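I would like the entire structure built from these sequences, with the hints used as guidance.
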Amino acid sequence: MIKLENIHRNFQVGDQTVHALDDINLDIQDGEYLSVMGPSGSGKSTLLNLLGLLDPPSSGQYFLNNTNITDLDENQLAKTRNQNIGFVFQTFHLIPRLTAAENIELPLVLAGIEEKIRKERVYDALSSMKLLDRAPHKPEQLSGGQRQRVAIARATITEPTILLADEPTGNLDQKSGLNVIETLEQLNRRGITLIVVTHDAALGSRSTRSIRMLDGRIESDDAQGKS
Amino acid sequence: MLLLRDAIHFSWSALTANFTRTFLMLLAMSIGVGSVIILTALGEGARNYVTAEFSSLGTNLIIVIPGRSETSGGAPATMMGVTERDLTLDDAIALTRHPKVSRIAPFNIGAAEISWQGRKRETTIQGSTHELLMLRKWKMAQGQFLPEADISRANSVCVIGKNIRNEIFGAHAALGQWVRIGDRRYRIIGILGSEGQSMGFDVKDAVIIPVASAQSLFNVPSLFRIFIEVKTREALPKVMTFIKDTIRERHQGVEDVTVITQDAVLKTFDRILSALTYTVGGIAAISLVVAGILIMNVMLVSVSQRTSEIGLLKSLGASARAILNLILIEAVLLSSLGALTGLIIGHIGSWVIRYAFPVLPAYPPAWATLASIFVALITGILFSLLPAKKAAQLDPVVALASH
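Line order of the protein sequences matches chains A and B. Letter by letter, the first sequence follows residues 42 to 268 in the numbering used here. Letter by letter, the second sequence follows residues 14 to 416 in the numbering used here.
The hints are simulated quantities; they were obtained by calculation from the structure and are not laboratory data. Computed from a prediction, not measured in an experiment: that's the story for all the values here. Beta carbons are placed, not taken as given, at the ideal position from N, Cα and C, and that holds for glycine.
Which residues of chain B face chain A? A few of them, derived with a C-beta cut under 7 Å, are: (1) L15; (2) S328; (3) L329.
Pairs of lysine-lysine, BS3-like flavour, derived with a Cα cap of 30 Å: (4) K133/B with K150/B; (5) K251/B with K280/B; (6) K120/A with K179/A; (7) K403/B with K179/A; (8) K403/B with K120/A; (9) K120/A with K402/B; (10) K251/B with K150/B; (11) K257/B with K113/B; (12) K113/B with K150/B.
Now the structure itself:
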């Protein structure tokens with residue numbers, strides 16, 4: 042469960058203060074499917090980074106599963122990211138020298154999990170993403186859709202409760218984009234909280250709840266009642 | 014927390030992924046370590062060479078030189094070894110009275126011509142006694158050394174070195190022949206088998222006659238040196254005091270000789286050459302520091318090239334500490350590999366020097382090997398601290414955005 046209270050995020054650009062997030066209040070229940078839309082510079086990426094604990098709020102309270110994350114230190118934040126949050130990026134962010142399997146394994150390696158357990162979980166992830174035959178390939182040998190599925194497998198390998206996707210289809214053709222979206226929605230149906238940032242209205246309309254942002258504020262927040 | 018084995022694996026993959034970068038850093042590091050090892054091996058080789066040369070003179074050796082080396086008032090009559098009182102054969106005999114003295118060899122020297130059947134050669138003539146053979150640890154090739162006779166008897170016998178034998182006699186048998194040295198005739202009773210340098214003379218060019226014969230040949234009553242071998246190292250100071258006292262007594266209360274030990278001379282050379290070794294080792298260590306600076310630069314570039322990777326690791330749950338450790342492990346891997354390569358280069362280089370100059374025992378000292386590895390590791394880690402800190406402190410949002 043996510044609860045944002047009076048969140049502000051200010052950036053200093055030269056002698057001007059930019060209010061990237063301006064008094065945000067937001068409650069997100071477990072298992073929700075939320076899309077965040079809005080023009081460039083509206084603050085939607087900042088919101089996503091803040092939800093993903095990559096960016097601290099300038100002021101306000103952020104409760105994640107009833108923990109006030111503004112109280113956590115850097116080490117605890119990293120641990121929380123590792124266990125509770127998965128990221129899916131527009132540019133995939135796979136490490137080019139590592140194989141598909143090694144990329145997926147990375148969050149488990151960072152968590153210090155035994156190799157035997159890691160291998161089992163990576164195998165399960167590969168098979169559920171239908172990537173078993175791609176396991177030993179480097180990212181450059183994979184198609185865009187396959188790369189994003191590897192990234193999704195990596196984001197979900199620690200079984201997080203929240204999956205944050207920033208323009209997950211932005212670098213994909215329509216067919217593999219749809220495939221990626223369906224993969225994400227399947228994960229959501231199994232209980233993960235899915236938050237997608239997108240420009241794409243068609244993609245945004247698939248979610249059960251949609252937020253529109255403008256100039257750092259939430260302009261509209263409507264549950265479309267599809268759930 | 015990241016397991017060490019996995020961290021090493023991950024850092025290793027980063028190193029092998031960029032071969033040129035890794036190779037250049039390894040090269041710099043290994044040249045640094047290699048040059049420390051080779052240069053100290055050279056210094057150590059020179060030290061061992063000199064030490065061995067001196068030890069060939071015999072251990073526990075005391076050398077008595079006429080004249081004082083330090084000024085003690087009065088007229089400086091001791092310049093150039095010219096003394097008021099000569100160091101005589103009787104002085105030498107008097108010194109044999111100490112129970113700890115095992116051998117004593119009075120020594121005289123002069124230049125003269127040696128000739129046989131019209132063949133002539135100008136050479137250095139050494140005058141001494143039977144004891145010199147053991148004292149110098151020489152070996153005979155043929156015949157025997159000077160006879161064990163009364164020191165003051167001027168026998169007409171001589172012992173020659175290999176070169177003299179070959180040049181004067183050629184294919185003829187030399188043993189038993191009478192040669193002319195200066196204006197006197199001597200019978201050859203032995204030929205030296207030893208080679209090498211001794212006190213600056215080539216043993217192969219040596220011509221040795223009894224000390225009393227040399228005194229009359231060159232018409233000098235004084236001795237050039239007295240070599241005294243002492244039974245044990247512990248007895249050295251006692252014997253030195255005994256020598257000074259005896260000479261003072263015999264020279265009307267004037268201590269007009271200089272008594273030095275082989276040890277003292279050796280220690281001086283040892284000190285000088287050790288200092289030399291440390292100096293060249295230190296100079297070579299500068300190249301290690303240069304290698305460290307190179308590592309810092311390349312690591313900084315590498316960190317900025319991998320900014321987005323570091324951002325990703327943070328988003329996946331790597332703490333700043335974990336990132337710092339990953340970069341430092343990379344540095345340790347690189348430094349130890351560089352040190353290892355340098356070790357191999359250094360030992361091969363030392364071997365090449367030993368092969369090219371067999372007289373020089375150029376073995377790298379253990380301390381140089383250990384110190385260079387230690388310095389390589391320390392510089393590698395120290396100079397990677399800055400890039401690693403930089404990486405650890407990267408803002409993940411900014412890092413992820415860079416591509």
